[in-house]
Amino acid sequence: MKVKKNLYLLFLIILLVYPAYLIFSGDFSKDDIQALKQRDDKILSNYDFNKDRQLLSRVKYAPHFVINAWKKWDKKDNYKQYTLNKNEKELVQNSLFRLPYLTRRTLRRRLIHIYFIENFLGYGVTDWVLDKTGQVYFYMIFNPDVLRKNISQVITEKEMTCFKKDTDEIDVKINCMTNHSGFLYILLHESTHAVDYVNNITPYVEPVMAKVTGEINKKSRFTKDIWEEYAEPEDKYDYKYRSDITYYGMNDGPKINISEAADFYKQLKETPFTSSYASLNWAEDLAEFVTFYQLTQKLEKPYQIKVLKNKKVIFQYEPMKQKKVKKRFQFIEKAFY
Numbered sequence: 522m523k524v525k526k527n528l529y530l531l532f533l534i535i536l537l538v539y540p541a542y543l544i545f546s547g548d549f550s551k552d553d554i555q556a557l558k559q560r561d562d563k564i565l566s567n568y569d570f571n572k573d574r575q576l577l578s579r580v581k582y583a584p585h586f587v588i589n590a591w592k593k594w595d596k597k598d599n600y601k602q603y604t605l606n607k608n609e610k611e612l613v614q615n616s617l618f619r620l621p622y623l624t625r626r627t628l629r630r631r632l633i634h635i636y637f638i639e640n641f642l643g644y645g646v647t648d649w650v651l652d653k654t655g656q657v658y659f660y661m662i663f664n665p666d667v668l669r670k671n672i673s674q675v676i677t678e679k680e681m682t683c684f685k686k687d688t689d690e691i692d693v694k695i696n697c698m699t700n701h702s703g704f705l706y707i708l709l710h711e712s713t714h715a716v717d718y719v720n721n722i723t724p725y726v727e728p729v730m731a732k733v734t735g736e737i738n739k740k741s742r743f744t745k746d747i748w749e750e751y752a753e754p755e756d757k758y759d760y761k762y763r764s765d766i767t768y769y770g771m772n773d774g775p776k777i778n779i780s781e782a783a784d785f786y787k788q789l790k791e792t793p794f795t796s797s798y799a800s801l802n803w804a805e806d807l808a809e810f811v812t813f814y815q816l817t818q819k820l821e822k823p824y825q826i827k828v829l830k831n832k833k834v835i836f837q838y839e840p841m842k843q844k845k846v847k848k849r850f851q852f853i854e855k856a857f858y
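Sequential numbering from 522 applies to the sequence shown in my numbering.
Just so you know, these hints were derived from the structure itself, not from any lab.
Possibly wrong hints are sitting among the right ones.
Per label pair, the in silico range of CB-to-CB distance [claimed, not checked]:
hint, residue 1, residue 2, range
1, F852, Q656, 19 to 27 angstroms
2, E821, N589, 39 to 47 angstroms
3, L577, M698, 34 to 42 angstroms
4, N831, E749, 37 to 45 angstroms
For every residue, glycine included, the Cβ atom is placed at its ideal position computed from N, Cα and C.
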């Protein structure tokens, strides 16, 4: 199978200073790995970590070395600390209560801090940190804008960045209702990456992690018969358009015309992926799967993808009701609940 490498992964893989050829090939030298592990933002002792703190009390201002690293990576100079107000703290607390059992347990043990940074690129990200024995910990960064939008808005806005507006007649809407904050969606997604860092549910979250920790889950039940390599699904699931998927304008995107949206989702419907984002690589596959499993199966919210033409639905489907997707439910239920 030919290798299809989507440069949007540059945004997802959190190395900050390493060139793309290393990220994708995993061709890191021992010196590369040693230098990475010695960066200030990768050393647990540089953080004020206390595993006995309640999760909400781990919302802190980001250390200067964290903000500076992300400014450099994202080429942004307007990142600023953000202070939650009373209502926002309650929203964050309520969202933390709605995480799956394994996720909450992992956060209690290994979450260093949660940071809110104004003007942050995208809605959120999770990054790993090591203690002196090589155990993995992590922090999460969120853009506070996500606190001000409902869940359907956030998912729809994210999805629309996939498409080039070659016509005003076609639109895409994602319906997960409006009674939850968009923060819940991003928190579910990012915290699942955190669980994967610690528990190796996929073979590895990023290629570099296999070198940093020396751990590869070669018997991952989640990826078996679906993924051939990190960003290469089995041929039968490598659907039309997948290699052209981009988000947030990365990799010279968007590349897919919105006039092709109905065909795009008809292709996606035949896969075991819960979203187009999930089909980027196995780490995003897991993060999206757990997110939408929690939303639909535990919180009983709908998850509908709609393509509209002149405001009338011309194609609609519910990913979590598809047979290929439902076949994976048992594993998620056993692993996370």
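A quick look at each hint next to the structure:
Between F852 and Q656 the CB atoms are about 25 angstroms apart, so this pair conforms to the stated range of 19 to 27 angstroms. A beta carbon spacing of about 43 angstroms between E821 and N589 agrees with the range 39 to 47 angstroms that was offered as a hint. Roughly 25 angstroms separates the CB atoms of L577 and M698, a value that falls outside the hinted 34 to 42 angstroms. Distance hint for N831 and E749: a CB-CB separation of about 40 angstroms, consistent with the stated range 37 to 45 angstroms.
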